[in-house]
Structure formats: C-alpha cells, structure tokens
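K.L.:
Sequence:
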Amino acid sequence: MRRLLLLRHAEAVPHVLTEKGDRARTLTPKGQEQAASIGRQLATLDLPFPMRVLCSPAIRTRQTAQGVLAASDMAASLEIADSLYSATADDLYGLIHATPETVGTLMIVGHNPTIGDFACDLLGPALQSTRFSTLYRSYPLAGLTVLGVPGQWLDVRPSTIQPITLLQP
1 MRRLLLLRHA
11 EAVPHVLTEK
21 GDRARTLTPK
31 GQEQAASIGR
41 QLATLDLPFP
51 MRVLCSPAIR
61 TRQTAQGVLA
71 ASDMAASLEI
81 ADSLYSATAD
91 DLYGLIHATP
101 ETVGTLMIVG
111 HNPTIGDFAC
121 DLLGPALQST
131 RFSTLYRSYP
141 LAGLTVLGVP
151 GQWLDVRPST
161 IQPITLLQP
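Per full-length UniProt numbering: the sequence shown ends with 169, consecutive numbering throughout.
Careful, some of the hints might be misleading.
[As the list claims (entries may be wrong)] Simulated restraints, written as ranges between beta carbons of each label pair:
#, residue 1, residue 2, range
1, T26, P158, 30 to 38 Å
2, R137, K30, 24 to 32 Å
3, P14, T130, 26 to 34 Å
4, P100, V16, 36 to 44 Å
5, D22, Q162, 33 to 41 Å
6, D155, K20, 38 to 46 Å
7, G21, M1, 38 to 46 Å
8, G94, G124, 37 to 45 Å
9, P150, K30, 16 to 24 Å
10, R40, D155, 13 to 21 Å
Treat the hints as calculated values from the structure; they're not laboratory data.
As the structure is a computational prediction, the values presented were derived from the model and not from experiment.
Backbone N, C-alpha and C define an ideal beta-carbon position, used for all residues, glycine too.
When you get a sec, could you build the whole thing from the sequences and use the hints?
P.N.:
Quick look at the structure:
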C-alpha cells in the first residue's frame, strides 16, 4: 500500500515586512529540532519506496523537508512545486493525481491552512479518533499526517484513503 504524507512546515521566524518577503522566512532553532524529530519518527515507519517529496518554494518548507529527510536518513527526490505556496485543496489533488504510479510514498510539504484543511478533509470521520482529534484545534507546526493509499494515486479522495497516524514533534 502506498503512503501519502502531509507535512506542515516547522516553526519559522516571525513575519516581518522585508524586501525578501514571507517566502524568505527561515526556521528557528526550535523549528530545526521539530523537523529532526519528525524525521526520526518517520524513520521508524515502514514506508514503500521510492519516495517523492513535493515542497513549497518558501525557505521554511524547504528547510523542514531537508531536516526531516536528513534525520530520517531516507533517500528521496525533493521537488519544488511553486503552486504549493498558495495552494488550494484542488491544487493538492492535482499534484497527487499526477504522481507517477511508480512512487511508493508521496510527501507534500506546505503551509496552513491548506495542509490542515486538506488533511481534515481526507480524514473525515477519523478526526473523531484520539489519534487525530488534535487536528480539530489546529494543524500543529511540523505535524505529519500519514495516510494509506490502497489504490492508484489518481484515485485518492476521502473515501479511498486509510488513516494511519499523526506524527508531532
């Protein structure tokens, strides 16, 4: 069974109006540790390979993805998807549905509220379980939702996924 991983970036420095803008925000030291913590937890899961990582172009999401991959010691192709910076649920479905069937695990690294809303949409009734109930309040920084995809990537929708777990730093 394939795996779909939805990861929100780790803690970043506050937004300050600069000429570089929001996309240039970097992770704080706490954020770097959050990413490493998720990576260590991810390493304990039995994930199918190859792994593909689609990441927003913002520096904080790239640093989060790199920190997770480094701490997990997993090989993956990291691709920057410009549409993830201001993505909608339809954008995420489009990226997932366009994933080659040879990919065993797809990780999407993005921003709230889209990542959280999308995870909640896919989880549906599973949000009532203790594993996912924290998502009712908000999607945690560096939170990673792990979902099983029993069919093809093109078939991903709320009725076809299997909730597995939520990792938090």
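K.L.:
With reference to the structure, classify each hint as holding or not holding.
P.N.:
Now for the hints, and whether the structure bears them out:
no.	hint	result
1	T26 x P158: 30 to 38 Å	holds (34 Å)
2	R137 x K30: 24 to 32 Å	violated (20 Å)
3	P14 x T130: 26 to 34 Å	holds (32 Å)
4	P100 x V16: 36 to 44 Å	holds (40 Å)
5	D22 x Q162: 33 to 41 Å	holds (35 Å)
6	D155 x K20: 38 to 46 Å	holds (40 Å)
7	G21 x M1: 38 to 46 Å	holds (40 Å)
8	G94 x G124: 37 to 45 Å	violated (20 Å)
9	P150 x K30: 16 to 24 Å	violated (36 Å)
10	R40 x D155: 13 to 21 Å	violated (31 Å)
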